[in-house]
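Colleague: Take each chain as given, in its own frame, and dock them per the hints.
Okay, here's what each chain looks like letter by letter:
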Amino acid sequence: MSEVRRIDASEYTPPTDPRAVAEAGVDLAVDLAGMKLPNPILTASGCFAAGAEMDRFYDVTELGAIVVKSVTLEPRQGLPTPRMAETPSGMLNAIGLQNPGIDAWLTKDLPWLQSKGARVVVSIAGRSVDDFRAVARKLRGKGGIAAIEVNLSCPNVEERGMVFACSPTDSAEVITAVRRETDVPVLGKLTSDVTDIVSIARAVVDAGANGLTLINTLLGMAIDPDTGKPEIYNTYAGLSGPAIRPVALRNVHQVHTALPDVPILGCGGIRTVTDVVQFLRAGASAVSVGTATFVDPFVGQRLIKELRSWLAERGLGSARELIGTVEPWS
Amino acid sequence: MSTRRAGIVEGRRDSDGPVGSTCEVLARRREGAYWLLSLAAPAIAERARPGQFVNIAVEAPGTLLRRPFSIARVSKQGIAAGTIEVVFDAHGPGTEWLTHVDLHDVIDVIGPLGNPFPLPQRKVSCLLIGGGYGAAPLFFLADELTRKGLRVDMIIGAGSLDRIPNAIEAKRITASVTFTTEDGSYGTHGRVTDVLDEVVEKCGSGVVYACGPNPMLRAVSERCEAMDLPVQVAVEEKMGCGIGVCFTCVLPISTKNGEVTMKRACVEGPVFNGARIAWDQSRYDLGAPTPTDEDDQDAPPEPERLTDSEIWGDA
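Chains as they are written, first to last, in this note's numbering: chain A, 1 to 330; chain B, 1 to 315.
Warning: the hint list may mix true and false statements.
[Claimed, not checked] Partial selection, computed: residues in chain B whose CB lies under 7 Å from chain A: (1) E10; (2) G11; (3) V58; (4) G62; (5) L65; (6) G240; (7) C241; (8) I243; (9) C246; (10) F247; (11) M262.
Hints listed in this document are in silico derivations from the structure and should not be mistaken for laboratory results.
Heads up, the beta-carbon is just placed ideally off N, CA and C, and yes, glycines get one too.
Extracted from the complex, chain B is given alone in its bound form (with noise of 0.2 Å):
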């Protein structure tokens, strides 16, 4: 298929900014529902962070674009270092092209591009979010925090069990994980949300980062909101150019004077503080009510919480 050779980096090499690789394809496998595509790429492996996205060029008949994934995971030492992971599901003619990609082809890949999920800047119990192949790159988060010495939990929520990328790595490296299917196949029958309240009690979250499918995300930002839980979300958001220049991917997002801007996911998300993104003005609705909005009845002790700026520092 590919002629071109691999380990062709270009751009500025002095930089931590984005390059443009030529990849070897190390692994392609089903991952449940999914597709996960591991590849050489140490220019991008050494640069890249939570939250971050690479650009793969496909070569579809009539395809012209790129393809955006989130960076599931960063090897950075030992055997496989120097490796990118995205899982992503086939759901049109480039992420088609992609799951028919051979082990040893060489691909274009542009990264890593976006802004990562800011780190806490104090001890803080992180709950991590995921909705469907969203999950995937809050492993590369979850890596990092735990690392921090922070404790992780995750909630990981998907339309059935096929759905729920690695479940067993879940359990692996996080203090607790939940998982909900809309189809009750595995864990708790329904929503990420219907749970939420109840890990956050149970696990003294102090902060949340979510990434999945935008109704999900906007779900998720509206309760943490309400509870005031620090929120930073990974949106998706269809990119024309991943580089900011096509200003195709905006998001309606609040600024601190309380205006307005449309933002570009691609150079000024794709994380997002949750609480800024001005849903109601978006297009992305929250789909059916789920069953669990009880009235509080025996409300708990007011938790503790900490305010944005105590946690990120200035932003």
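Bound conformation, chain A alone (with noise of 0.2 Å):
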């Protein structure tokens, strides 16, 4: 173990940077969507279950708040394997979904947020509009939710399959249902695989969504070469990780610069904090920080500890102060 060095305050040098501020004296609190979070770093729907598991390697209250895997009115038991492969740093899934469904959530997982004090954001799921409205129904009035995440990158039972999220009027429509069974801010989890992001954005926000979150995963494939078989059962399968950063990036950009009033939870390959910081700056209000916790547990606890000490380094009293801040060239 490392031993305990003593610092006598008579040998401390200030730090060199005169910019520099104190650690103890950067505010990290951030307001996402009329919710107060003590920081800006929240975890992905889907990486982070149900907050129980993450809890054996630091106290997940430590983060602004927990985005916990999707739940939907039913039980499911999601796709057979395989459902993950690797590809070049990032990562392909299909897992179907699985999830014990909105009752026995209700009953085990989110007593153990409550009983922990965490701030919850629970993201919903559903095969129609119906389905959406149900679950929100279900989590009306229950305590210690500061949010709902409307996953509309689902297919749509009711219109071939297609996926709610790539339809402005499919989304709204959910949004629109959520928005009226529930008292807390209500987010859209939107897909960048869609031909022009801003209109669907901007029908969600009309549906009432009180913010944004951006993106989920991007549609991709694998093949094994000798085989010939796809690496996924599914064939298709969500692509995450650090290779869709830059597209995630631009997504929140997009959508900033067209809608500047809507909060934005940035979401895509973010693992270091200045990766933080470029979503910060594009306009996102918080990050959800999500494969980058299957590589490291601790990933979350470090983001907050290294945001406070990149902006204290620079002179910045706020996280505030970044977001949307992104100087022109010319």
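Modeller: Structure, rendered in structure tokens:
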């Protein structure tokens, strides 16, 4: 174990950068769609289960909020394996929304989160507008829920399996239904696999979403060259990790530029403190860390610490100062 | 290569749960066709139990995810105290990268992860069945069972002799060991299931533990089930996170009420009751049939069998 070194105050030399401020004086708090968060580091849905598994590593209430794995009305066993394949600086996954269903989730997972005092963003998913509505209704009046994130990247069985998030009208319909059922902020999570994400974003906001989560995984594929079989049972799968980060950043910037007043939760390949800074600058009010948790269970805790240092070293007193600060070349 | 400092431990020190640790490489050597790494990992070694695994960060270009390895052996006391060993096959960029780490390099390890093998609650003769590098973690289990005063026999099977890790050590720590190779280069020509019945009878085995490729675990589980022998297997499944959050490494498991649910090998396993795995709903085939399906002519007297609850207690 490392030895403890006592620092004598008389030996202390102040930091050399004249801009630097004390870390303790840095304010990490942000407001995300009406949620007051102590810091802008959240988890990404489907990458943190419902928190208990990760609490073995550190106190998960340190996080700005926990975005839990999507919950559906009915329990789902998910897809057969293989469900995952590693790709250059990323991974493909097709899990099939395996989850215990909202009733079991409310009796087991939510009480655990409540007992810890975590801020919880519940990601909900469904096959139809009615599914989303029913899940949102079951969440009504339950304590400890800071917001609902609507996972719009689900196939809509009523529209021949087309993903909700690919259609402005289908997305808006879901958001309207959820909005009517709940008092907490509603975030719409969008996919980048569309021609014009701004038009979808606008439809979702007009339907009553308080903010947007940008972006979900990108659809991809990998084939085993020897067997000729897709590497994932489902053939197509969601690409995540650092490989998609520039695409996610572009989407955040695009939507923030078009809709500057809409709060954005940035998501896609975030792993380091400079990734966080880029997303805040592009216009995100907070970020979700997903795949990086698979590689480093401590990443969320570490990013909070590193963001504080990063800001202090540059003399920035608040994380909020960074939001939407992309400097033009000309 | 790596500039990180060894011995940094992250995580909850006050629990016996997993921690993150930077570990110095103490040894890297060939073990037949496989590789063995010995790592200085005191915080992991003191927590580790047989059947658990570690998740190692690899730095091969373009790779992202950690690689899971069963803990093959642990030294808790003596000159090598605080070390763990893993034995692996280099079959991709990540494991290939690990064969190139140098002595005194520092690598990033998380563990111990997963549930260990349950130990018998009563005196019973234990048969440990390993396939290829899957035999390695059974040495750790054998040590633990022997310490409890239990008889340990082993069957180790592989494609060929160079894929049997440490045959001499296997002989040293067991009451008996039977080797099988598919090419006949060592021991019995065939597979572990070809000698299973005979070994069980000869050794009076009352419980079976197995670790190896999933098709082998399926064959062993189904044979044990037919013989009413309690069987615990440590599965090998492709993992994303190894810590229970990505839902990649699932297997269909029958619950007590007969339902089949998908369980995560990383946190609900990797050790499962082999009879509870719904193998017919998994993607693991038995492979080509083995030639030993003869009818039992002179059926031996019914051996005494223990139930799961008698052996493991109420789990």
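Colleague: For every hint, state whether the structure bears it out.
Modeller: Here is how each hint holds up against the structure:
no. : hint : result
1   : E10  : holds (5 Å)
2   : G11  : holds (5 Å)
3   : V58  : violated (10 Å)
4   : G62  : holds (4 Å)
5   : L65  : holds (5 Å)
6   : G240 : holds (5 Å)
7   : C241 : holds (4 Å)
8   : I243 : holds (6 Å)
9   : C246 : holds (6 Å)
10  : F247 : holds (5 Å)
11  : M262 : holds (5 Å)
Hint compliance for this structure: hint 3 alone is broken.
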